[in-house]
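Student: Read off the chains here:
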Amino acid sequence: MEVKREQLDDFRVRQLQSRDLLRGEMSDEDLQRYVEQAVMTTTVEKAVAWARGNSIYPLTFGLACCAIEMMSIVAARLDIARFGFEVFRASPRQADLIILSGRVSTKMAPVVRRIYDQMLEPRWAISMGACCSSMGVFNNYALVPSDKFMPIDVHVPGCPPRPEALAHGILRLRSKVQGNAPEGWRERYDAIGTEELLPGATDTESAAISVLRPGDTAGA
Amino acid sequence: MPDATGLELIAQELRDADAASVLDTVFQRGRAVLIVDAGRVHGVLATLQEKGYGFLASLHGVDYYPDEPRLGVLYELLDMDTVDRITVKARVHTDSPRIASVCDLWPGANHPEREVYDMFGVIFEGHADLRRILMPEDFEGFPQRRDYPIGGEPVLFTFNEETNYGKWQ
Chain Z
0 MEVKREQLDD FRVRQLQSRD LLRGEMSDED LQRYVEQAVM TTTVEKAVAW
50 ARGNSIYPLT FGLACCAIEM MSIVAARLDI ARFGFEVFRA SPRQADLIIL
100 SGRVSTKMAP VVRRIYDQML EPRWAISMGA CCSSMGVFNN YALVPSDKFM
150 PIDVHVPGCP PRPEALAHGI LRLRSKVQGN APEGWRERYD AIGTEELLPG
200 ATDTESAAIS VLRPGDTAGA
Chain V
0 MPDATGLELI AQELRDADAA SVLDTVFQRG RAVLIVDAGR VHGVLATLQE
50 KGYGFLASLH GVDYYPDEPR LGVLYELLDM DTVDRITVKA RVHTDSPRIA
100 SVCDLWPGAN HPEREVYDMF GVIFEGHADL RRILMPEDFE GFPQRRDYPI
150 GGEPVLFTFN EETNYGKWQ
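If you read the sequences in order, they're chains Z and V.
Residue numbers for the first sequence follow numbering that gives the first Met the number 0, so the first one is 0 and each next one is one higher.
Residue numbers for the second sequence follow numbering that gives the first Met the number 0, so the first one is 0 and each next one is one higher.
Keep in mind that the hints were calculated from the coordinates and are not lab data.
Don't be surprised by glycine CBs; every beta carbon is placed ideally from N, CA and C.
Hints may contain errors.
[Claimed, not checked] Label-pair ranges, simulated between beta-carbon atoms:
no., chain 1, residue 1, chain 2, residue 2, range
1, V, G150, Z, G183, 28 to 34 Å
2, V, S95, Z, G183, 55 to 61 Å
3, Z, Q177, V, I122, 55 to 61 Å
4, Z, N139, V, I122, 23 to 29 Å
Only chain Z is shown next, with the shape it has when bound in the complex (with noise of 0.2 Å):
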């Protein structure tokens, strides 16, 4: 009986190639080859962003009814715990982003500037539907939107948002924190100086809704 010698599969190479590292006989070139393979450099700052942005806790925080759109989104059907917005955390010490989600009165505006400003840095906010950004239908003297007092760095306009609508918001708010944000369309159609500012407006800095720019956090 003719005995053969079988090819070995790449998977069994591998083994015993690691097992050549651990033990120490590993060749030279043989060991130069396996770190290039094994071995990837970034900067200190992209690891750390690549992990922020994969592990961003949201606050449990609802306000009105955009907030029944944002509690689907934990669950079975969008399941944002697959991106690593893992869970609702109860305590602003522990949440790292703050969905405002419904509209924000005169009254509660104070109360959810200091939740806002008791979550730890980096901290990230997303203003959901329409109130939360512009008052929506309700402008009137009740209501204030979210960028007077805080800086928001995504709004998913809806109203309500559909729940896809917020996870896309979530997933463009990582892109955001991994340090590639998305262009807005202004920057993709070549746009820039078209805003439309109210009459007697000179500068678009005070006259823009937004007064604070994303992360920019004086005046708290």
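Guided by the hints, dock chain V onto chain Z, whose structure is given.
Tutor: This is chain V only, laid out in the frame that chain Z set:
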């Protein structure tokens, strides 16, 4: 509901006690309404409570702008035994919007009266703790009055819709 005759009997009884108390009666769509002088509303409500209308189902305000006296305070009473309902309406002038509190008759009137004060500025005399309940403590004005500006933020893309093409096609 008392029927139209029953409403008149109640009104007559109240007028016998105090001739100037009931200004008018309205019976419309099965609802019995007593329109009462604002200064005598406490006595009328106390009498009605003794007669069996023991449950204050609602206490709310209305602004009848531009009619004067503008501000209305409405009391919805319910007789729990006969399931009769009656509405008591009183009107106060904006110059001196004062009316007696009914917290001593119904302690549950505490919060509705604060709400009417918050929204319409009606001062309930005899209320133990009359301060704002919905709006912030430092809020100025009474927002549910119809001459109160609605406020809010200017909406982009709509400020020139009066003059620009595309307006109200």
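Student: Which hints from the list above does the structure break, by number from lowest to highest?
Tutor: none
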